[in-house]
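Enquirer: Taken in order, these protein sequences are the chains called A and B.
By our numbering, the letter at position 42 of the first sequence is numbered 42, and the numbering carries on one by one without gaps.
By our numbering, the letter at position 65 of the second sequence is numbered 65, and the numbering carries on one by one without gaps.
By construction, these hints were calculated from the structure, which means they are not laboratory data.
Among the hints, erroneous ones may be present.
As the list claims (entries may be wrong) - Straight-line distance between alpha carbons at most 25 Å, and here's what the computed DSS-like set of lysine-lysine pairs gives: (1) Lys21(B) <-> Lys109(B); (2) Lys109(B) <-> Lys49(A); (3) Lys42(A) <-> Lys146(B); (4) Lys21(B) <-> Lys156(B); (5) Lys21(B) <-> Lys165(B); (6) Lys32(A) <-> Lys9(B); (7) Lys109(B) <-> Lys14(B); (8) Lys32(A) <-> Lys21(B); (9) Lys156(B) <-> Lys146(B); (10) Lys141(B) <-> Lys42(A); (11) Lys156(B) <-> Lys130(B); (12) Lys42(A) <-> Lys109(B); (13) Lys130(B) <-> Lys109(B); (14) Lys32(A) <-> Lys14(B); (15) Lys165(B) <-> Lys42(A); (16) Lys109(B) <-> Lys32(A); (17) Lys42(A) <-> Lys14(B); (18) Lys156(B) <-> Lys141(B); (19) Lys141(B) <-> Lys109(B); (20) Lys42(A) <-> Lys32(A); (21) Lys21(B) <-> Lys146(B); (22) Lys156(B) <-> Lys109(B); (23) Lys21(B) <-> Lys42(A); (24) Lys141(B) <-> Lys49(A); (25) Lys9(B) <-> Lys21(B); (26) Lys109(B) <-> Lys9(B); (27) Lys49(A) <-> Lys14(B); (28) Lys130(B) <-> Lys42(A).
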Amino acid sequence: MPVFTTLMIIVLIASLMMTAFTISRLFAYNSKYNLPESSYTKLFHFITKEHVAIAYVLFILAHLSFTIWFLITL
Amino acid sequence: MEHPITGFKDQFFKGQQQDEKFVCFFRHHWFDLMREFIYFAIFVAFIITSLNYISEIQEFLRGNREMKFLFLAIFLGVTFYLHRFFINLLDYFTNIGIITDRRIIDHEKTLFFIDNLDSIELSQIQNIEKIEDGLLPNLLKYGDIKIFLNASATVKTFHRVPNAKFHFRCINREREIRQHSLMRGHGDLFQQNQPELVIPQTETTPSA
Numbered sequence: 001m002p003v004f005t006t007l008m009i010i011v012l013i014a015s016l017m018m019t020a021f022t023i024s025r026l027f028a029y030n031s032k033y034n035l036p037e038s039s040y041t042k043l044f045h046f047i048t049k050e051h052v053a054i055a056y057v058l059f060i061l062a063h064l065s066f067t068i069w070f071l072i073t074l
Numbered sequence: 001m002e003h004p005i006t007g008f009k010d011q012f013f014k015g016q017q018q019d020e021k022f023v024c025f026f027r028h029h030w031f032d033l034m035r036e037f038i039y040f041a042i043f044v045a046f047i048i049t050s051l052n053y054i055s056e057i058q059e060f061l062r063g064n065r066e067m068k069f070l071f072l073a074i075f076l077g078v079t080f081y082l083h084r085f086f087i088n089l090l091d092y093f094t095n096i097g098i099i100t101d102r103r104i105i106d107h108e109k110t111l112f113f114i115d116n117l118d119s120i121e122l123s124q125i126q127n128i129e130k131i132e133d134g135l136l137p138n139l140l141k142y143g144d145i146k147i148f149l150n151a152s153a154t155v156k157t158f159h160r161v162p163n164a165k166f167h168f169r170c171i172n173r174e175r176e177i178r179q180h181s182l183m184r185g186h187g188d189l190f191q192q193n194q195p196e197l198v199i200p201q202t203e204t205t206p207s208a
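Construct all of the structure, not just a fragment, from the sequences and the given hints.
Expert: Following this line, the structure appears as structure tokens:
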């Protein structure tokens, strides 16, 4: 496998591991802090940290899928 | 609701005491994230523009080793920025201030690097100030809350508190309730410690 492709895949794996680690830290935080959210505490009155975590995972998966497609078609 | 055995201990947050009632909590105003959103909008515009020219970029990279490594460096930067944006967004949610019936807690926390706790007893508060200086704080309804403590020159400031008027009134109300309850408690204790007053009975001798 060419060096370029190998390095890109290493970056993708590190990115996935970072995402998993961040989500696990968020779960650890949630287990200690069970604060009652309201529209006054949410971002723009409706966004919670769970929404942000889901968006984070989706963005990283899209980034991963696109990069794999890019490497295949290169 | 109070647990029959453990009371309120750790009910809403780690460190909540057994008879400590949670009142409310707050985060920074969303204006704190404006810079992040602007940078992210620029980033998304850059990505969309790049996607429009993806076939040209692939053509350019084929067989060109140096450009491939330059692309790798840019890709690394893009990946790093994506992670940084979302982690900063999550850090916004973990940085909170908590008001209970006993104290105010400033929990400055991020997911990875920072975890600072500052607890201020309501009974130690001498004075509270709400500051909403400027056009944006008045329009967007956020401000600073300064807390002056008894017997020291310490001032604790909560910056960019959303709905600052509500939190100012909340802290004032809880402070008064706490200070009154402590004064009543001291009054009861004072009465308990007083020795019982006994009036001796005197015998009256009958006159001869």
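Enquirer: Are the Cα atoms of Lys156(B) and Lys109(B) separated by 25 Å or less?
Expert: holds, 17 Å
Enquirer: Holds or violated: Lys21(B) with Lys165(B), Cα cutoff 25 Å?
Expert: holds, 22 Å
Enquirer: Sort out whether Lys32(A) lies within 25 Å of Lys109(B), counting only the CA atoms.
Expert: holds, 13 Å
Enquirer: Taken at face value, is the distance from the CA of Lys156(B) to the CA of Lys21(B) at most 25 Å?
Expert: holds, 22 Å
Enquirer: Given the proposed pairing of Lys49(A) with Lys14(B), does the C-alpha separation stay at or below 25 Å?
Expert: holds, 18 Å
Enquirer: Quick one, are Lys42(A) and Lys32(A) close enough, alpha carbons at most 25 Å?
Expert: Holds, because 19 Å separates the two Cα atoms, which is no more than 25 Å.
Enquirer: Would the pair Lys109(B) and Lys14(B) pass a check requiring their Cα atoms to be no farther apart than 25 Å?
Expert: Roughly 13 Å separates the two Cα atoms, so the pair holds.
Enquirer: Taking 25 Å as the top limit, are the C-alpha atoms of Lys156(B) and Lys130(B) close enough?
Expert: Satisfied, since the Cα-Cα distance of roughly 12 Å is no more than 25 Å.
Enquirer: Take a quick look at whether Lys109(B) and Lys9(B) sit within 25 Å of each other, Cα to Cα.
Expert: Answer holds: Lys109(B) to Lys9(B) is near 21 Å, not above 25 Å.
Enquirer: Would you check the hint for Lys165(B) and Lys42(A), treating anything up to 25 Å between C-alpha atoms as holding?
Expert: Holds, at about 18 Å.
Enquirer: Do the alpha carbons of Lys156(B) and Lys141(B) lie within 25 Å of each other, as the hint requires?
Expert: holds, 20 Å
Enquirer: Has the given pair, Lys130(B) with Lys42(A), been kept, meaning a C-alpha gap of at most 25 Å?
Expert: Within the cut-off at roughly 22 Å; holds.
Hint compliance for this structure: no hint is broken.
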